[in-house]
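**Q** Each chain, written out:
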Amino acid sequence: MSVQRTIQWAFPSVLMLALLGCGGDGPASNGTTGGADTLDTVVEQRTSDVMKVGGRLFNVPSPVQTALLFRKLGLAYDKALMLPVDQVDKLAGRNGKALAMGMFGADLAYATIHKDGTKAIAGLGVIERLSTELEVSNAFGADLVDRFKKNVANEDSLLALNGMAFRAADTYLQDNGRNTVSVLVLTGGWVESLYLTVNAAAGKNDQAISTRVGEQKRTLDDLVKVLEQAQDSSLATVVTELKALQQAYAGVTTSYTYEKPVTDPKTKTTHINSKSAVTVTPEQMKAIAAQVNRMRNLILA
Amino acid sequence: MRTAKLLSAIALGVLLPVAASAQCDTIASVCEKHITRQYIPDGQFYRALLTGDEMAEFNLTLFGGTTYRVAACSGLTDGNIVFSVLDRDRNVLFTNKEFGNEPYWDLSVANTIDVTIEAQLDPAKLGSGCAVLLIGFKR
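Line by line, the protein sequences are chains A and B.
First residue of the first sequence? That's 1 in our numbering, and the numbers climb one at a time after it.
First residue of the second sequence? That's 1001 in our numbering, and the numbers climb one at a time after it.
Source of the hints: derived by calculation from the structure; they are not laboratory data.
Hints may contain errors.
Unchecked claim - Ranges between beta-carbon positions, derived for each pair:
#1 A:K225 with B:T1026: 40 to 46 Å
#2 B:D1122 with A:D264: 22 to 28 Å
#3 A:A76 with B:K1033: 36 to 42 Å
Ideal Cβ placement from N, Cα and C applies to all residues, glycine included.
Produce the entire structure from the sequences given, and follow the hints as far as they go.
**A** Below, the structure written as structure tokens:
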């Protein structure tokens, strides 16, 4: 069983980092410990020092990928599934705004994929407002909105801008020690993507959709872990609801068979051919959908 | 004298983390060149300050039918990071160690798979520094 501790950087090491700018050249030195925590990173001890990246140990699938799946499957665009932009007026508190910012980000990807420029621009306006209220406006400033408007006919550019803007926000939040807000933005985007997924395919019993829903199990587990680690009482409702979702996911099973990958050095590509399968029964899908809908309503209440 | 020392300590405590963050941001802006226009950024920023043989790791779900680009950087030049992609049974699917510490690599995924990416500084090149990982995916 691994033991976790907050990484402590030696003052000399940090000073060296600060002074050298790009890190110390040459062989590794034996750093001592016992200084200030600099980036809220956490170390998990195994046979060697293993560290969670940026205080977070996982990634959250991009809402853009989910939106692209909708189009690939030919699911109809349903504007009514997206958050109404005036919903933002009802939000109070930092956590709700952070979650909503991620949710509007997922809606932005959904609208963009379906070439609904009007809805996308409106959603971006809400994200800009929320980012200002959350003091992350450097990522979603007037410049981004202008670039978005100029590229409204270019889907590739819009999706790239979406990703770049959310990455900039993530960077800014981590730089300023606001990892909880960062994780809440990701959580909001993830919940909204799942909401769009289960409702866009409601009653269709589509295998690809239920598979994609089932594939979110590890992300859900990671989100719960990282939010629990924050030990922030204001997150209690979010954690409780995510845990209820874990219950709905409890019976979802996965299988995995390793296959040797094939690497092509010329194209710098490795083809990962391992087999995997996820089984989600219709009853499990219903339970997951019900909890996702409940959670979304609670976030917006 | 004591006050001066205290103020210096406070100043260092405030400024050094800022400098470390700035270092990570600079590396990220350099690393972004590897996530070319063909790839959509995943919207997240992964970083860790590493010294010696410390290893950063993170979990990633790679969806089937997608090609991902993983870029790993430290310092202002390429090739300072060793990174490996492992499946849930710890089979090594890829390591850039076998390819001269290439700063980026594409992963073409047939079926959805949960992986762990481990990253370390190459001890022959860097003793400490900020490790940055960026992910993008092809449409």
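**Q** State for each hint whether it applies.
**A** Taking the hints in turn, this is what the structure says about them:
1. Taken as a hint, the range 40 to 46 Å is violated for the pair A:K225 and B:T1026, whose Cβ atoms sit roughly 30 Å apart.
2. Under the hint 22 to 28 Å, the C-beta atoms of B:D1122 and A:D264, about 23 Å apart, fit the expected range.
3. With their beta carbons about 39 Å apart, A:A76 and B:K1033 fall inside the hinted range of 36 to 42 Å.
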